[in-house]
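Given the coordinates of chain A, work out where chain B should sit on it, guided by the hints.
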Amino acid sequence: MSRVASIGQALAACLLTAACATTPPAEKIAPGQTPASNSLEAGLWMRVERSEQRLATSGRLVRDPALNEYVRGIVCRLAADYCADIRVYVVRAAGFNASMAPNGYMSVWTGLLLRAENEAQVAFVLGHELEHYLKRHSLNQWRDLRAKTDALVFFQIATAVAGVAPLGYVAQIAVLGSYFSFSREQERAADGGGLKRMVAAGYDPRAAPSIWNRLIEEKDASDDYERPLIFFSTHPASEEREKTLAARAAEIDSAGKTLGESEFQAVTASYRNDWLRDEIRQRDFGRLEVVLDHLAANGTDPALVFYYRGELYRLRGAEDDADKAIEAYTAAIDTGGAPPEAHRALGLVYWAEDRPAAARAALERYLASRPGAEDRTMIEYYLERIP
Amino acid sequence: MIRATQCPISAWRSVTPILVGVALLLAAGCAQTKSFLTSGAAPEHTGTARILLMAPDIEVAELTAAGLLEPKKDWTIVAASNVDLALDEVLAAYDTSIVKYKADDDGAAYDDPDIQLIKLHEAVGTTILLHKYIPALALPTKKDTFDWSLGEGASALGQKYQADYALFIYLRDSFSSGGRVALIFVGALFGVGVPGGSQVGFASLVDLRNGDIVWFNRLASGTGDLRDPKLAREATEALLSKIPL
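Chains A and B, in that order, are what the protein sequence lines are.
Here this note's numbering is used: position 321 in the first sequence is 321, and no number is missing along the way.
To convert a position in the second sequence, counted from 1, into this note's numbering, add 387.
Just chain A, with the same shape it has in the complex (with noise of 0.2 Å):
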């Protein structure tokens, strides 16, 4: 065997078994700690600083006092003695995310908000969102990346050299796989420390496998949803890992601990409106179908989950949903409580399904409860229009 192909095995050998990063995992950071500025932890710090100020300033943070007060004081309870290093930024955004950048600041999305049942689901949530700052993940995983590409590029070399080029391609794709099952570690372990954090801030930890379980059900029904292929998935399978999690949800003692769900339902109800329409606007009709069942049963205003419904099968036009869609905004008109454009879109639906008497009647319903509607001209042209 020559040399070089000698090297080559003994790389791949380093390479396949993550060994090359010889640097051990940082340690938890301590309350109030910063990094040197000549440090990695500091150029890390450096680049997410300027994201940070973007979405600082960005016109989808949601500036309400209240929810800014309240989704902080769930962070802070959780954060404990890191209360003070984090900065919560909440935004506008439809689906299920939140994040945690490696120098203390994170995003939570509103449609994590519109998701969540109980305060204590967005607690594990965010419990796990700390642990990756508390564990330095963002540190460890570029460290991990560097050490393994470094290797990787010399592998390379070598094996093209040594005329076996297509073993470093092999070896690129362990790189890639070894890469993100480094970063699923570091989402499991996040999801361990964040069950452990929400117990001792006194939330149900039965909260947490629910939530992954509502996140199943939401991707399964998804329009646009592609099985990914597991070796590359940066995360887990929500499946395995909400077994994890109620596996040892079920050890720890829930006697005393709350869920929070009325606390939560008080602080978020009067947004939904809001969030739906920006949920809407996804147009994955089969997610926000699952997201309308489950503010159905935890008790949403009907008159919003009706008219919702009601604009998912109108938006939607496959067969019977104009039937659909009539039925409920008519339903949502019935409870007394629907928004306006309940009659406005009853109204088009009824015109498109060549009912003019009914179309005219509700288009008339919504000028006669919105005066001051912005698009009165263009709803007067269609009531000349309709026969």
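Because the hints were derived from the structure by calculation, they are not lab data.
The model shown is predicted, which means the values in this text are computed figures rather than measured ones.
Even for Gly, the Cβ is constructed at its ideal location relative to N, Cα and C.
Hints should not be assumed to be uniformly reliable.
[Claimed, not checked] If you want the footprint, here are the derived chain B segments under chain A, 3+ residues with CB under 8 Å: (1) 453-463; (2) 498-512; (3) 570-577.
Showing chain B alone in chain A's frame:
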């Protein structure tokens, strides 16, 4: 390349930064600049031009063997202070009076028009880099003209600082790590050219009466070092070499 945030559900992705990198690097090698003047007449002002110098956006990184850019804060601090000094010196050669932009101390508010203008400039500047410097991405309506503008809202900044123009500077510098140097060496042994660190950036001059970008210049270089005062001065001179003042 850095993963800015850790998300339980979806990783944030965008191709824009990559394309901007491509635009900046296309001409990398020896120091090169390529500038555009606004279509039509050269900018006009009477007497000494009053320039509002915006805070330069600078980042220095280390290029790892595999080509990742690892951000370096200490290097960035040195580079920023060198460029600040160089800008003072280089601009002093022109008939200008310089006033420096100062961010409000009470943190950035989203409804602060200055901040939003800076963000708008970032978006427009990035767009220019993509669509004026990468021929394949040339926009049909912008191919033969240069008429980008931030809009008349920019005049508020001019009034606030009593300035005719705002000058924006963006610079990215990177240096090969030990591993990269070794890779370049090994590559050379086998006749493979491996690029080392590079210096890229742009300068943009905005007419604060109407928000028009009257001049735009891109710098791309395979040499240089913003951490060195003399070389930072050279880069700044190259960046501003054709500024129409």
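Structure-based check of each hint:
{"no.": "1", "hint": "453-463", "in the structure": "holds (count 9)"}
{"no.": "2", "hint": "498-512", "in the structure": "holds (count 4)"}
{"no.": "3", "hint": "570-577", "in the structure": "holds (count 4)"}
Of the numbered hints listed earlier, not one is contradicted by the structure.
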